[in-house]
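Here is how the chains run, residue by residue.
There are 2 protein chains.
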Amino acid sequence: MTVRRLTLTALPGIPLVRPGDDLCRIVLDGLAAAGESLQTGDVLVLAQKIVSKSEGRYARLSEVNPSARAVALAAEVDKDPRLVELILSEASEVVRHRPGVLIVAHRLGFVLANAGIDHSNVEQEDGDETVLMLPENPDGSAAALAAGLHERTGAEVAVVINDSLGRAWRNGSVGIAIGTHGLEALVDLRGKADLFGRPLQVTLVGFADELAAAASLLQGQAAEGTPIVLVRGLPRSGVSASATELVRAKDQDLFR
Amino acid sequence: MTVRRLTLTALPGIPLVRPGDDLCRIVLDGLAAAGESLQTGDVLVLAQKIVSKSEGRYARLSEVNPSARAVALAAEVDKDPRLVELILSEASEVVRHRPGVLIVAHRLGFVLANAGIDHSNVEQEDGDETVLMLPENPDGSAAALAAGLHERTGAEVAVVINDSLGRAWRNGSVGIAIGTHGLEALVDLRGKADLFGRPLQVTLVGFADELAAAASLLQGQAAEGTPIVLVRGLPRSGVSASATELVRAKDQDLFR
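Here the protein sequences line up with chains X and C, keeping their order. Be aware that the first sequence starts at 1, since it is given in my numbering, and climbs by one per residue. Be aware that the second sequence starts at 1, since it is given in my numbering, and climbs by one per residue.
Keep in mind that the hints were calculated from the coordinates and are not lab data. Incorrect hints may appear among the rest.
Identical copies carry no separate label here, and so any pair may be met within one copy or between two of them.
[Claimed, not checked] In silico BS3-like pairs for lysine-lysine, Cα to Cα no more than 30 Å straight-line:
#	residue 1	residue 2
1	K250	K79
2	K192	K250
3	K79	K192
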């Protein structure tokens, strides 16, 4: 009897990542420290923050001049107007706001608080308020890492970049995929049958989001220092798709 | 260097579950078939359907008399009035509806389509339309299974009952926890520091939901026949909490 098994390994010894750092090298060093080497079919899940840091996606609030719109909204949500200016610059739309809460649609489509900009686990220099934004193009970041790893190891791997987001209806943040390469972000089960041969009612599965949530169990949100997780044993189709497939179109969304 | 590793195993050879079946025995047989024995600290994730089936949570549409309210709503959502009657009987509130879509708050608090009632992977007798509802008390089902396993093996394990649900803003269903025992459904990081000693901004993590999503990667939605997943290697606090902690209170929810 075949037993299907999935193994998630938090790569140890990952250093603090700085702009320009080679994520490919960091992944390979982490694998070596875990006693692992890369295999075709592996998936690597990287926390958004280390990708953003390697890409230098920092902003200093002291260098931001808030617009009148940002000043007005900042008063309503009780946040720093310079931060609100940055959030608006990363957003296509404000979805909900109230004191303490600013939920937007990010320019990449994701609905999330503060456009994903935050301070946690971000180095602060000279007492400045330094914040970190999402990567410019997370799918591209994932693809570049997969390509680099292929070049150096010969292994064909998939990469997911994940972030921990709040949700409608449920308490607590969970890991979701903001960038993917080398796997299906969304798995379409149309045409599949259930145990009794009847067509399925649920036809789309948020595959990369489930993977992002799984990795998040090991990444943690505090000072764990384990932002990279190796996932081994996952059945994959070979199809590669963008994480933006997971974004519901606004006109299909009853909760926008 | 300590390497943190999580292993998820889909228990093989799980039979079709019928009302009155002993889930405890089914879990133990599945573990034996996988060559595993239960250890204190293990987590078992069970798909809602096998729990509902063991508890006989079936309904036959032929035995349902739809109310006037159900008939009117059924016309609006283009569904069988008898099914809509059942959905309303399991729901505390209709959250959104339009043709083909009926999203409600379940009496247990979960916001989901059709109150979690469906036909997939449900045996049909005599051409009747048999549907399956969520367990009456999923936390209680999880606790009973954990107690039974403890009695028979001596191991203290946690149990999560998961279901695959649609979401606001994002395409694709993902596994979430509807019943938990022996672990924290929601992990509160208030007071924890980041890598640089600063207090965290994200303070609540949907831990049991991330676990439910992880297990869902192996459970599948079609004819996989692997509704039980053993999770080993997860750090746990020893606190036991209800899955209803994951439900955001209506007055705290901007998307109800």
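**Message:** Reference check for the pair K79 and K192, CA-CA at most 30 Å: within, between, both, or neither?
**Reply:** Result: close only across copies, 22 Å inter versus 48 Å intra.
**Request:** Could you figure out if K192 and K250 sit no more than 30 Å apart (CA to CA) within one copy, between two copies, both or neither?
**Result:** within (28 Å within a copy, 36 Å between copies)
**Prompt:** Given identical chains, is K250 near K79, meaning Cα to Cα at most 30 Å, within a copy, between copies, both, or neither?
**Reply:** Classified as both: same-chain Cα gap 26 Å, cross-chain 24 Å, threshold 30 Å.
When the structure is compared with the earlier hints, no violation turns up for any of them.
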